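Protein chains in written order, with the working numbering: chain A, 1 to 311; chain B, 1 to 300; chain C, 1 to 345.
Heads up, a few of these hints could be off.
Derived contacts from chain C toward chain A, CB cut-off under 10 Å, selection only [what the hints assert, rightly or not]:
#1 S36
#2 L84
#3 E89
#4 K94
#5 R97
#6 Q99
#7 S102
#8 N113
#9 F116
#10 D124
#11 I125
#12 M182
#13 P325
Think of the hints as simulated: they come from the structure by calculation, not from any bench.
Here the structure is a predicted model, which means the values were calculated and not measured.
A virtual CB, placed ideally from N, CA and C, is assigned to each residue, including glycine.
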Amino acid sequence: MLKYSFKRVLWVFPTLIGVLLLLFSLTYFLPGDPATAILGPRATPELIEEINSRLHLDRSMPVRLGYYLKGIAQGDLGTSVWSGHSVSSLMAEALGHTAILAVTTLAVAAIIGIILGAFGAIRQDTPISGIVTIVSLMGVALPDFVAALLLMLVFCVTIPILPAIGAGEGFWDILVHLILPATALGIGWVGYLARLTQESMVDVLEADYIRTARAFAIPQKSIAYVYALKNAIIPTITVLGLGVGKLLGGAVFVEIIFSRPGLGKLIVDAVYARDFPVLQGGILVATVLFVLANLVADISYGFVNPQIQYD
Amino acid sequence: MNMTSTDIIQKKRSLTPGWTQNLTIIFKSIAKKKGGLIGCIFITIMLLCAIAAPWLAPFDPNEQNIVQRFAGPGLTHLLGTDYLGRDTLSRIIYGCRIAVLVAFGAVSLSSIFGVFLGVVAGYNEGKKFDYFIIWLFDIVRSFPQIILALAIVAVLGPSLINVVVALAFTAFPFYGRIARAQTLSVKETDYVKAAKAMGQKPIKIILKHITPNIMAPVIVCLGMDMATMVIWESGLSFLGLGVRPPTASWGIMLRNGYKYIQVSPWTIVWPALAIAFSMIAFSLFSDGLRVALDPKERNR
Amino acid sequence: MKENEPLLDEPLLEVSKLTLDYNLGKRKMRALDRVSFQIEKGEIIGVAGESGCGKSTLGLAIIKLLPKIASIRRGEILFEGQDLLKLSEEQMNKKIRGQKISMIFQNPQDALNPVFTIEKQMVDILKTQRLYKNKRIKSAKFFRDQAIDRLKATGIADPAARLSNYPFEFSGGMKQRVMIGMALSSGTSLLLADEATTALDVTIEAQINKLIADLAKEYKTSVLYVSHNLGVLAELADRIMIMYAGRVFEMGTTRDVFDFPSHPYSAALLESMPSRQEKGKRLLSIPGFVPPLDNLPSGCSFHPRCKFAEDICKKEVPPMEEVTPGHFSACFLDTKRGRKRLQWI
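So that you can see chain A by itself, here it is in the shape it has in the complex (with noise of 0.2 Å):
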C-alpha cells in the first residue's frame, strides 16, 4: 500500500514540471501587449518599458521562467496587472466560492444520486429504474451551462424569485444564491451518479458473495443496504474524488453566467484582460489542485476497496 501511494506521488513531480512548462509557453505566445491593454491611452514608450520589464516580459522564456519559479517559492505567484492585487490574494478567495459550490453540489448530488441509484437496483421492477434512465438522460442533454441559462430564464426572468448574479452574503442569502448554480452544475452528476450506482449495485447483487448472505438468511434490508451497497459504491466514490477537482476548474460557465466569483471566472476575465499573471496563477492552482483530487482519490481507493492495498 505504502509503497504504491509512494510511487504514485513521486510520479506528479516530473507531471508538474511538465504542467508549468506547456502553461509558461502558452502564455508565451498568447497575443496582446500587457502593457497597452493596462495602461490604454495614456501609454507612452517610457511607460511601457518600465511595466514591460516589471514584469520581466522583455526577456527570453527561460529566464522569465526562472523568476516565476522563484516567486512561486516564496508564495509570491506576481501582482495582477489589472487590479493591482497579488494573485495569491485574488486565487484564495476565488477559490473558497467554488470550493463552496462544488463541495454543495457534489454533495447533494451523491446523496440523491446514489440513493435513486440504489432503489433503482434494488427494486427493479418499480418505475424507478425507468426514472434513473430518464434523470440520467437529463444530466446528459444538458450540460451545464445549458441548464444554467435555462434556470435563469425561468426562476429569474420568467418568475423572477432567484438571484441571477453573485454569491451573496450572509449564510442564508449565499444558500439561495447557490441553488441555481449547484442545480445546473448538479443535473449532469445526479444522474450520472444514479446510473453508475445502479449499474454497479445490479451487478453486486448477482455475485457469489451475495447469495452466500441469503443462504444464511441475512435480511434483504441489510443485504441490500450494507452488504452490496458498500461494494457498489466503490466506483461512485472514485468518480466523487475526481469530480471534486474537476469541479474546482470546471465550473467555468456557470461562475460566468451567475457572475460568482470563483476560479474559472477569475481566468476567463484574466483571458479577456491579457492579465497574464492572474491567468498562470489561475491555471496553476487549477491544475494544481485537478492533480492533487486525483492523487488523493487513486489512495484513498486503497482505503475503499483492501484488495488493491496489495497489488
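For this one, chain A is given, so just place chains B and C on it according to the hints.
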C-alpha cells in the same frame, strides 16, 4: 497439435470478418434496442442538417432584418428571429453544421493522434520513449479540459479551426491511454508473438494485428467524446473564445440570447434545445455502440 | 440437541417429482424433471452427473435460492415433514436457511464479501441465527468467541487473529474452511455442498472433504454432496444418485452403483474415469453431447448416445424400477441387472 506461426495467423484472418461486415453487424445490434435506434435516427437527422443546410434552411442565416428583430415563433420565421432579425431556424440548421464539423473533426484528430502515440508507446513498453509519451499524456491530462482549451484558443485566436485543434489537444491523451493499455495486453497474444517470430516488421505488426484489435474501447470513447466536443465548442463560443461571429454556432446563439435574456427568452430556448438534441443523439448512440461492442453485454 | 426431532421412520428430506423450468424469454429449459429421492438422518448422498444435468439446481431448489427465471412446475420438498415449497421467504429465513439447512458453494473465491472482514461476516450470520430463534442478542465478545470456536472446528490455525483478515488474505482451501465453519454447526440438519472442492487443489480437496465428512458425522448432519467427480463421491457418499439432463437415472448405495451400475449411462460414466482404465489404451468417451434442456430427445433422454438403445427407448420415458432392494434405475434394458455388470466397451 502444434500450430505453426503461419497457421495461427491464417486462422486468425479467417475468423475475423472484414471491416465492412463488422460495421453492418455493429449497426444492426445498435439499432435493435430502443435507445440505440433513437440515437441513430437523431444522428442521421443531424448529419442531414449539416450536409444539406443550404437546401433545408428557409433563409440565409446571416441575412439581417432589423424590422423583425426578436420576433417570436411565427409563420414566416418558424422559430422567430434574433437581435439582428436573423432567422433562428436557419441559424440552428447551420449551427448543426458547425456542431457536426467540430464533433467529427476534433474527435478524428485527437483519436488518430492519440491512438497512434498510445500504440507506439505500448509496443515499446518500458523503454524511454514509452515513459516520455506517458509523461506527455499525464501533463496534458493534468489540466482541467476547458481551461486548457480556453488557453489554447486564447493563444491561437478564435476561429473554427483553432477550436477544433484546441479541443483535439485536450482530448488526445485519453485516447492515448486507452490505446496504450489495450496494446499492452494485445501484445502478449499468440498471433502477435507468431508474427514477431516470423520476422514481420514492427510497423506491419502494429498496423495489421495490433490496431484492429484495440479499437473497441476506442470506438466507444469516440461516441461519447463527440457529445463532449459539441458542448465545449458551444461553451467556448459562448465565452466569445470560439467560432467567430457572424458564423452561426449554437454557442454564439446562446451568447446573444444571454445578452438579451430580458428582452426575448426565445433566443435562448432554441439553441439550448438544439444542444440537448445533439447530446441525446450522441449519448444514446454511443451507449448502443458500447453495448454492441461489449462481448459480455451481448448475451443480456 | 435438535428441536422437533422427527420420527425415526421419516426421512429427513423427501423430494417427490420435483419439476422445474428456467424461463429464458422464448426458451424453456427443463432443469429438473420429476426428480424424486430421500435422504435419511446422518447420511451422505452424492449427486453425480455432467455439467448441465441439474445437480446444482437441485441444491438451490431445496434452499429456495433459485434465480427469478426459475419456476417450479410440480412436486414437493418435504423437510422434516414440512413442504418447503409452501413456506414463505420469511419462514425460510426464520427457520431453515443457515440453521437447519446450509449450503456451501463451488467457488470460495467469490463466495465471501471482499470488503468486509471474516469476523463481520461470521458474526452477522451468528447474530441473525439468534435473532430468528428469538433469543436475546448478546455482547460482541460472545459472538466473537462463537466465531473463533467455529473456525477452530474447521482446523484453521490461530483463528482469533484470522478473524480480522479480509477474504483475499486467505487461500482457497482456507476460504472453504471458513464457509464450512459458517455452514456447519451442531444445529445443522442438512448440508448442501455444491461442488465444494472442485475449485481446489487435489491435496486440499482431500483435506476439505475429510473435514466435511468428520464434522457431518460429529454433528449428525446429512449431506447432499453434488459433484461431477465420481472418485470423490466414491469415498465420501453412503448413497449415490446419477443425474442426466434433469432426470435421475440411477440411485442406490455407493457399493451397488459403482460395482453393479445398471443404467448404461452410469456404466459409461464409471468406465470413462481414467483411474478405471488400463494404461496405454484409449480413454473412453461417450459419443455425442448432452442434449439442450429446451430440446430434449423423446422418450429416454439418453437414447441418441446409448449403445443399448432400442425402439421403446425412443418412445417412452423409462420409469424408475427397483433392480435390487434399495437400488433403483430408470432403463428399459432387461438383463439380470443388479447382479451382472453392464459393460460399455
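Cross-check of the supplied hints:
1. S36: violated, 24 Å
2. L84: Interface hint status for L84/C: violated (14 Å vs cutoff 10 Å).
3. E89: Since chain A brings a Cβ to about 8 Å from E89/C, closer than 10 Å, the hint holds.
4. K94: holds, 8 Å
5. R97: holds, 4 Å
6. Q99: Status holds, d = 7 Å.
7. S102: holds, 7 Å
8. N113: Holds - the Cβ of N113/C comes within 10 Å of chain A, reaching about 4 Å at its closest.
9. F116: holds, 7 Å
10. D124: holds, 6 Å
11. I125: Check passed: Cβ of I125/C comes within 5 Å of chain A, closer than 10 Å.
12. M182: holds, 7 Å
13. P325: P325/C check fails; min Cβ-Cβ to chain A is 36 Å, beyond 10 Å.
Checked against the numbered hints above, the structure violates hints 1, 2, 13; every other hint is satisfied.
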